[in-house]
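A.B. asks: Use these hints to put chain B onto chain A, whose structure you have.
So the chains spell out like this:
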Amino acid sequence: MAAREKLGFLRQRFGSAIVRADLTSDRRLYVFVEPRSVKEVCRALFRELDARYVITIGADDRPWSGCFMVAHNFAFDRDRLLVSVMCLLPADSPRIESISDVVPAANWAEREMRDLVGIEAVGHPYPKRLVLPDGWPDGLHPLRKDVEWDEAPDCDDSGTGYDFDDPPEGCTVVPFGPFHPTLDEPAHFRLYVEGEIVRGCEYRGFMVHRGIEKLAESVLGYNDIPIMAERICGICGCVHNVAYAQSVEEAVALRPPPRAEYIRTIMLELERLHSHLLWVGLACHIVGFDTLFMQAFRVREPVMWIAEKISGNRKTYGLCVIGGVRWDITPELSDELKTVLDKLESEWHSVARAVKNDRNIQRRTRGVGVADAKVVKEMGLIGPVARAAGVDIDCRRDHPYAAYDRVGFRVITAQSADVWGRLVVRTDEVFESIGIIRQCLARLEPGPIQTPIKEDLPAGRFGLSSVEAPRGESHHFVITGENNRPRRWRVRAPTYQNLQGVPSMIRDAQLADMTIALGSIDPCFSCTDRIEAVDVRYGSVKVWTPRELREMAKRPQSGRDIKDS
Amino acid sequence: MVMSWFWATIGCIFNAALVLVLAPLFEGILRKVTARVQSRKGPPLLQSYYDLFKLLGKEDIESGEAPWAQRFAAWLSMGVVLAAVCFVPMGFRAPLGGAGDALVLIYLLMLGGLCTLMAGLAAGSAYSLLGMSREMMLMITLEPLFAVAMIVGAVHANSLRLDAVLGGAVYEGRFGVSGLLMLAVSMASFQALVQRVPFDIPEAETEIMEGPLSEYSGPKLALFKWARMAKLVVYAALFVALFVPWGSGLPFPVGWVLFWCKMLVLVLVVTLVAATHARYRVDQAVRYFGGMLVIAVFALILATYGY
Numbered sequence: 001m002a003a004r005e006k007l008g009f010l011r012q013r014f015g016s017a018i019v020r021a022d023l024t025s026d027r028r029l030y031v032f033v034e035p036r037s038v039k040e041v042c043r044a045l046f047r048e049l050d051a052r053y054v055i056t057i058g059a060d061d062r063p064w065s066g067c068f069m070v071a072h073n074f075a076f077d078r079d080r081l082l083v084s085v086m087c088l089l090p091a092d093s094p095r096i097e098s099i100s101d102v103v104p105a106a107n108w109a110e111r112e113m114r115d116l117v118g119i120e121a122v123g124h125p126y127p128k129r130l131v132l133p134d135g136w137p138d139g140l141h142p143l144r145k146d147v148e149w150d151e152a153p154d155c156d157d158s159g160t161g162y163d164f165d166d167p168p169e170g171c172t173v174v175p176f177g178p179f180h181p182t183l184d185e186p187a188h189f190r191l192y193v194e195g196e197i198v199r200g201c202e203y204r205g206f207m208v209h210r211g212i213e214k215l216a217e218s219v220l221g222y223n224d225i226p227i228m229a230e231r232i233c234g235i236c237g238c239v240h241n242v243a244y245a246q247s248v249e250e251a252v253a254l255r256p257p258p259r260a261e262y263i264r265t266i267m268l269e270l271e272r273l274h275s276h277l278l279w280v281g282l283a284c285h286i287v288g289f290d291t292l293f294m295q296a297f298r299v300r301e302p303v304m305w306i307a308e309k310i311s312g313n314r315k316t317y318g319l320c321v322i323g324g325v326r327w328d329i330t331p332e333l334s335d336e337l338k339t340v341l342d343k344l345e346s347e348w349h350s351v352a353r354a355v356k357n358d359r360n361i362q363r364r365t366r367g368v369g370v371a372d373a374k375v376v377k378e379m380g381l382i383g384p385v386a387r388a389a390g391v392d393i394d395c396r397r398d399h400p401y402a403a404y405d406r407v408g409f410r411v412i413t414a415q416s417a418d419v420w421g422r423l424v425v426r427t428d429e430v431f432e433s434i435g436i437i438r439q440c441l442a443r444l445e446p447g448p449i450q451t452p453i454k455e456d457l458p459a460g461r462f463g464l465s466s467v468e469a470p471r472g473e474s475h476h477f478v479i480t481g482e483n484n485r486p487r488r489w490r491v492r493a494p495t496y497q498n499l500q501g502v503p504s505m506i507r508d509a510q511l512a513d514m515t516i517a518l519g520s521i522d523p524c525f526s527c528t529d530r531i532e533a534v535d536v537r538y539g540s541v542k543v544w545t546p547r548e549l550r551e552m553a554k555r556p557q558s559g560r561d562i563k564d565s
Numbered sequence: 001m002v003m004s005w006f007w008a009t010i011g012c013i014f015n016a017a018l019v020l021v022l023a024p025l026f027e028g029i030l031r032k033v034t035a036r037v038q039s040r041k042g043p044p045l046l047q048s049y050y051d052l053f054k055l056l057g058k059e060d061i062e063s064g065e066a067p068w069a070q071r072f073a074a075w076l077s078m079g080v081v082l083a084a085v086c087f088v089p090m091g092f093r094a095p096l097g098g099a100g101d102a103l104v105l106i107y108l109l110m111l112g113g114l115c116t117l118m119a120g121l122a123a124g125s126a127y128s129l130l131g132m133s134r135e136m137m138l139m140i141t142l143e144p145l146f147a148v149a150m151i152v153g154a155v156h157a158n159s160l161r162l163d164a165v166l167g168g169a170v171y172e173g174r175f176g177v178s179g180l181l182m183l184a185v186s187m188a189s190f191q192a193l194v195q196r197v198p199f200d201i202p203e204a205e206t207e208i209m210e211g212p213l214s215e216y217s218g219p220k221l222a223l224f225k226w227a228r229m230a231k232l233v234v235y236a237a238l239f240v241a242l243f244v245p246w247g248s249g250l251p252f253p254v255g256w257v258l259f260w261c262k263m264l265v266l267v268l269v270v271t272l273v274a275a276t277h278a279r280y281r282v283d284q285a286v287r288y289f290g291g292m293l294v295i296a297v298f299a300l301i302l303a304t305y306g307y
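Chains A and B, in that order, give the protein sequences. So in our numbering, spot 440 of the first sequence is number 440, and the numbers just go up one at a time. So in our numbering, spot 245 of the second sequence is number 245, and the numbers just go up one at a time.
To be clear, the hints were calculated from the coordinates, so they are not data collected in a lab. One thing to keep in mind: the hints can contain errors.
Restraint-style ranges between C-beta atoms, simulated for each label pair [as the list claims (entries may be wrong)]:
#1 ASP283/B with ASP166/A: 25 to 35 angstroms
#2 ARG298/A with VAL104/B: 42 to 52 angstroms
#3 ILE29/B with ASP165/A: 46 to 56 angstroms
#4 PHE298/B with ASP166/A: 47 to 57 angstroms
Since the model is a prediction, treat every value here as computed from it, not as a measurement. We treat Cβ as the ideally placed atom computed from N, Cα and C, and that holds for glycine.
For reference, chain A alone in the conformation it holds in the complex:
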């Protein structure tokens, strides 16, 4: 219903500029627009219809349509609708008007599109390089189809300095990162500090980009990708695993059996549990309250153990294949999980009480790192950051997937828009997650856990999936393709948007509040950078040279066939 309404509005408003529209269901709308009208369509969606900006995707579609493709994705959370505004650009001049001045949240995505696919966002307000390293040659865009996946240009940038912005008058520069005790992964914030007050900052990240999307589009097969997608993030890997599988399933209209959907829901919530418990602990550590940090980790540990019992791993569950899940939850495991949840619930009550009643924690978090509803809208912030500002969005309810439409839960919100609000939201969401898992366990009925796939998946279809990660919406976009692998797979992790809100959170704040403000979005740089970690093998210590690593990465792999034999 809502999809038709929006389409009607756009048709009436823009007439022939709307080239084509695909309504694949009442929850998905793909509108093809003339390139010159894209910006106005986005403005209408974002400003007039109050859509939420999700992500911008650039794709090299030349081998098939002879064009480049751009998609701006928006969400109507109240209407359970995801909209993709798409357009085709001529192969000889991949240029499109930037939407960043209308939709500020598109700033990074458009820069990334320029870096990786070579589609120029004309009139971008801050056209600095975002993803590619400083020494990467101009004009070589790794996500183009004519660039080999193991292309390794000479990136020597040792002789050139990075072109930083000038700090404002009267400010000194305090480098925060790339390595800092509270940053678990490399990211660089160049803070402009006046006394103890932060006046602004410049962000520089993507230091560990490993090109997972390129690998998926050129080397791996449909069912290999979930395993790698999971390794995008060290904490919320299962989210990427499920989101990828769901987007492919949606593209090819494949529905996993109910039991698989329940198992996916259970594992996603287990992951949220361990992630939130970890975050509360880290937040306490950042403000120097190590006792609660230790207690939170003690309470968290049984969740890791039960995850290991269920999936074989504490963290990387290896959950999904296209059309289902790879393993089952036995009745014994189900009973044990219930016991773990009971213990966790009572222990978390006491930790939550300790956290919420601590005056020092309140002093350090109230009014700190404020991102109000306006910032949330402009920068496309999501997850606990948005909910703490009173913006009532949660993909589990708004864009239901897996078994979330069959369980009841509250979406926790707060009004204070500060770190304290985020703390309260996360602390209380733990109880909701426990409730969701219990409901799923009660409804888990016997049945198959995979839908068999009899023939090749059709090519050229679009699939979108939004999964509520512990940090916010994780959005995956897939165009299915030939050779048992997608043509394009775009991952938008929640931190990608939330990080863009950090500069406004820390402006004019105390330097001492910087770490907790940054920490409050639960930043996940590996998600943002989309890396794959290098295995550390126990026992033998070996230092890899960059050359050896490159050789190792070039060893050919073949995608397994997805069809059942």
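C.D. replies: Here is chain B on its own, set in the frame of chain A:
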């Protein structure tokens, strides 16, 4: 006369050795208790000795803007503590108790803060300078508190002589209001005097990466750490001498054992407070001490009127 000089020297050496030997043990107790509060097993009781031993055996690396200043700051911080030790009774009468007055002690302890400033300047990195400015802000508000506590004692004792000020003079025989007020103020700011959570602001690891100490390593770091552990003992001893003197006059070894029991209790209190509080922000801490200072000055006024 010769004999008294002799005994004073022996006493000084004995006190200094005692503090140097016992300080890591107190730190060990502190770490162990903290671990138990946090549901951890914790390091062995003697871990702090091992740590110092390891650091002392490491290569002495010169780094930062001014290596000589860095070296000097480390030595000075240790020297200051050892000098202060001679003026503080450690279960016995202070060896130099009659030689200097309360002002010497106040200045000595303030010099300890200056070492941190010098360390920060010598390193010259953005984080160490930030730590330095925080240390300075804290010093300005914190040191007067301690000074006022001594002066209240001095006013009551009608003398600035250290042996008169210490030994419970703040209460002036009966429990005067000013003495009790100062007891409260000192207890509320004790964590800061010994640089523990929630007032470890100049070194906050998660904010400014140990601040002034960030350029220190090896033996110099060992000196700083050791001085910091000793500082806990010195301040605890001072606190006991100023506010909880009862029983110190008992004959050896009862008084001596009692003194160290009181010290132990104090260290446990410090540990528990540190384990159950989040760190203050520097402006919040300054405001907090500002409030304390108002109370302290009020107590001083009361003391001059004999309350």
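A.B. asks: Next step is simple, just say for each hint if it's right about the structure.
C.D. replies: Do the hints match the structure? See the list:
no.	hint	verdict
1	ASP283/B with ASP166/A: 25 to 35 angstroms	28 angstroms, holds
2	ARG298/A with VAL104/B: 42 to 52 angstroms	48 angstroms, holds
3	ILE29/B with ASP165/A: 46 to 56 angstroms	51 angstroms, holds
4	PHE298/B with ASP166/A: 47 to 57 angstroms	50 angstroms, holds
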